[in-house]
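Sequences listed follow chains A and B, in order. To convert, note that position 106 of the first sequence is 203 in the working numbering; the numbers rise steadily by one, no gaps. To convert, note that position 3 of the second sequence is 65 in the working numbering; the numbers rise steadily by one, no gaps.
No wet-lab data here; the hints were simulated from the structure. For every residue, glycine included, the Cβ atom is placed at its ideal position computed from N, Cα and C. There could be a bad hint or two in this list.
[Stated by the list, open to error] Chain B is nowhere near these chain A residues, computed Cβ spacing over 12 Å in every case:
| hint | residue |
| --- | --- |
| 1 | VAL101 |
| 2 | THR117 |
| 3 | ARG160 |
| 4 | ASN176 |
| 5 | GLU197 |
[What the hints assert, rightly or not] Which residues of chain B face chain A? A few of them, derived with a C-beta cut under 7 Å, are:
| hint | residue |
| --- | --- |
| 6 | TYR94 |
| 7 | LYS104 |
| 8 | GLY105 |
| 9 | PHE151 |
| 10 | ARG159 |
| 11 | ALA160 |
| 12 | PHE163 |
| 13 | GLY164 |
| 14 | SER165 |
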Amino acid sequence: ETGVTQSPTHLIKTRGQQVTLRCSSQSGHNTVSWYQQALGQGPQFIFQYYREEENGRGNFPPRFSGLQFPNYSSELNVNALELDDSALYLCASSLDGREETQYFGPGTRLLVL
Amino acid sequence: GESVGLHLPTLSVQEGDNSIINCAYSNSASDYFIWYKQESGKGPQFIIDIRSNMDKRQGQRVTVLLNKTVKHLSLQIAATQPGDSAVYFCAENTGRRALTFGSGTRLQVQP
Numbered sequence: 098e099t100g101v102t103q104s105p106t107h108l109i110k111t112r113g114q115q116v117t118l119r120c121s122s123q124s125g126h127n128t129v130s131w132y133q134q135a136l137g138q139g140p141q142f143i144f145q146y147y148r149e150e151e152n153g154r155g156n157f158p159p160r161f162s163g164l165q166f167p168n169y170s171s172e173l174n175v176n177a178l179e180l181d182d183s184a185l186y187l188c189a190s191s192l193d194g195r196e197e198t199q200y201f202g203p204g205t206r207l208l209v210l
Numbered sequence: 063g064e065s066v067g068l069h070l071p072t073l074s075v076q077e078g079d080n081s082i083i084n085c086a087y088s089n090s091a092s093d094y095f096i097w098y099k100q101e102s103g104k105g106p107q108f109i110i111d112i113r114s115n116m117d118k119r120q121g122q123r124v125t126v127l128l129n130k131t132v133k134h135l136s137l138q139i140a141a142t143q144p145g146d147s148a149v150y151f152c153a154e155n156t157g158r159r160a161l162t163f164g165s166g167t168r169l170q171v172q173p
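The task is simple: from the sequences and hints, build the whole structure.
Shown next as structure tokens:
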């Protein structure tokens with residue numbers, strides 16, 4: 098196990114709703130990255146948080162937003178949910194923004210109906 | 063990475079055989095490449111990485127080969143075991159604080 102935890106494990110929402118997903122990073126890691134993994138595909142980078150600031154962003158609309166707290170845990174917020182937002186959301190923690198040493202959590206499975 | 067929807071390429075091997083999983087990457091400026099293993103219901107698990115200035119790197123039962131000329135990466139698993147059954151992804155660093163993942167290959171190990 099990596100020491101990265103995510104909650105909840107599963108979630109069902111309806112279109113138009115808002116959702117908050119949570120991630121606790123591995124001990125000592127100050128960077129959290131979020132990825133979206135659609136069924137049958139590889140993870141796609143959403144954004145990264147380092148020292149409580151967004152430190153890089155992929156091709157996702159502004160309704161995907163995040164936070165990082167002083168203890169380095171992080172939240173992913175998605176507003177105005179769409180059916181295509183149904184996916185596994187993964188967070189990965191690392192040290193000092195080093196994407197090559199990312200450790201992934203088990204993910205949160207989101208279903209939008 | 064390219065999308066293959068629900069139909070991941072599948073490699074089926076007999077237990078004890080060697081497995082070779084291939085990956086084509088797109089960014090010639092990538093500094094390093096990583097292979098991840100993802101079991102059902104779990105997040106990706108790091109297997110092995112390789113820097114762009116290397117051609118080969120070996121780990122325990124695994125070897126990664128990098129061919130920069132044709133932008134090709136492969137993962138070799140020796141003496142494949144049932145516990146190796148999973149989806150395998152290659153990922154490359156693209157310099158945007160992110161990893162770019164390939165579409166994945168499902169490895170099925172037959173007992």
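- Close enough to count: is the Cβ of SER165(B) nearer than 7 Å to one in chain A? holds, 6 Å
- Hint check, ARG159(B) versus chain A [nearest Cβ-Cβ separation less than 7 Å]: ARG159(B) check passes; min Cβ-Cβ to chain A is 3 Å, inside 7 Å.
- Task: May I ask you to test the interface hint for GLY105(B) with respect to chain A, counting a Cβ-Cβ separation under 7 Å as satisfied?
- Result: Interface hint status for GLY105(B): holds (3 Å vs cutoff 7 Å).
- Item | chain A contact restraint on ALA160(B) - CB to CB distance below 7 Å | holds, 4 Å
- Hint status (Cβ of PHE151(B) to nearest Cβ of chain A, threshold 7 Å): Holds, because the Cβ-Cβ distance from PHE151(B) to chain A comes to roughly 5 Å (cut-off 7 Å).
- Message: According to the definition I'm using, a residue is off the interface if its beta carbon is farther than 12 Å from all beta carbons of the partner; does VAL101(A) meet that for chain B?
- Response: violated, 8 Å
- Query: At a threshold of 7 Å, is the proposed contact between LYS104(B) and chain A supported by beta-carbon distances?
  - Reply: holds, 6 Å
- Query: Can TYR94(B) be said to touch chain A, with a Cβ gap under 7 Å?
  - Reply: holds, 6 Å
- Task: Grab the minimum beta-carbon distance between ARG160(A) and chain B and tell me whether it stays above 12 Å.
- Result: Check passes; 19 Å lies beyond 12 Å.
- Message: For GLU197(A), is the shortest CB-to-CB distance to chain B above 12 Å, so the non-interface label stands?
- Response: Per Cβ check, GLU197(A) is inside 12 Å of chain B; nearest 6 Å; violated.
- Please verify that hint: GLY164(B), Cβ, nearest Cβ of chain A, below 7 Å or not. holds, 6 Å
- ASN176(A) clear of chain B by more than 12 Å, beta carbon to beta carbon? The assertion about ASN176(A) holds, with a minimum of 22 Å to chain B.
Hints 1, 5 from the earlier list are contradicted by this structure; the remaining hints agree with it.
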